[in-house]
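**Student:** Sequence positions in the sequence shown follow this note's numbering and run 145 to 523.
Just so you know, the hints here were simulated from the structure itself, not pulled from any lab data. Predicted model, so just to flag it, every value in this text is computed and none were measured. There may be inaccurate statements among the hints.
Said to hold, decoys possible - Derived SDA-like pairs (lysine to any residue); straight-line CA-CA distance at most 25 Å:
hint, residue 1, residue 2
1, 300, 326
2, 300, 267
3, 300, 350
4, 300, 269
5, 300, 363
6, 300, 252
7, 300, 474
8, 300, 491
9, 300, 501
10, 300, 278
11, 300, 158
12, 300, 495
13, 300, 407
14, 300, 235
15, 300, 447
16, 300, 231
17, 300, 381
18, 300, 478
19, 300, 342
20, 300, 327
21, 300, 191
22, 300, 470
Said to hold, decoys possible - Here are the computed distance ranges between Cβ atoms for each label pair:
hint, residue 1, residue 2, range
23, 220, 455, 18 to 24 Å
24, 381, 239, 27 to 33 Å
25, 378, 275, 43 to 49 Å
26, 266, 159, 37 to 43 Å
27, 424, 511, 36 to 42 Å
The beta-carbon is built from N, C-alpha and C at its ideal position, and this holds for glycine as well.
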Amino acid sequence: MRIDSVQHAYGELIETLREAPVRDLAWLLLSADLLSATRLPAALAHFDGAQAMANSPGGPADPISHSRCLHDWLLACDADTEPLRAFLARGESHRLGRYAEQLLHFALLHSPRFDLLAAGLQVRDARRGNMTLGECDFLLARRADHQLLHWELAVKLYLFVPPPTPSPVLDERTVQFHWLGPNLADSLADKVARLLDHQLRLTTLEAARIALPAAGPWLPQVYLKGWLFHPLAQRGQLPAVASESHGRGWWATLDAWWAHAQSMPHASAAAHECRWALLPRARWLAPARVGDSAALSLAAMHARIETHWRERGIAEPLLIVSLTRRSGEEDWFEGERGFIVPDFWAPRARHRIEELSERADAAARRALAQSADDGAPSI
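Work out the full structure, taking the sequences as your base and the hints as a guide.
**Tutor:** Listed below in structure tokens is the structure:
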């Protein structure tokens, strides 16, 4: 099964689903990977059998049948959301990462392909005061071949911050540091390094053996979904590890977005056919589907952003979406998405890039020195 066929089926399904948490669930299970299966030096995890077949020669025996069953299950969840909502209510859902973990946990509990052995398993080192070394997100067994799998899940949204002055093409490590989260907490470089150097190695640690539900060996896999946001009307330099079909959007200051929206050809003629919405953090995953009351005109969207910043007392990046209405539908559907950032965001982001890069360099030097010390002959 071709990757484009998988994404076409997902696109048709997401147009049908109405309930927000079910749409988020479908996005998490079926949307395109954020990273490339061929260029990331780690295996990628896939919940859907057809998607696994599209990315690997060793997929399940009947991926198409499983994909249809998965689509039918998601439609059933949409028809009766109570089991999913009850499951989500038992956990922490105000943090996007934890919300995604709950969604995947719910799906794995209902999957005919996997047996879930553990979720959120803490790995502690008894020799160092029971210090926590990390958490294995999901440990499961694939029923088709009994392969033990260790999945590390992450949902990330990164914005490309160009260098302050024109420069030649950035090398891979540098360009990964130029993709930052909207709150500037981390970069794509930090996430890739943590996955490869720490999270995916947890099941190999001696301290983990006593806690693991089976002796192994475990196959570590990355389950990474998300969106990459380019500067408005520009194309940021993509890192080599990014998948070609990743979800994408744009970012701009409020004034830049407003000027761009006003200058678009036929903007005034199309204004009555286009609306906008401000998405709360909990709705950052799947493409938006909103009711008529939440769909704002261009001018109302501009005013809504200004009001939000004024009421909060701080200008934070906000995710907005353009909306169009389908024939015969009362709801509005996402066309494209983008972050509106305050004027000071880009200068702070460039300073943050320097900080994160220098911190990573210092950590690498410490690790090299520690390795040299460990290998030095004793006296």
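**Student:** Which constraints among the numbered hints does this structure fail? Numbers only, ascending.
**Tutor:** Hints 3, 4, 7, 13, 15, 22 and 23 are the ones this structure does not satisfy, whereas the remaining hints hold.
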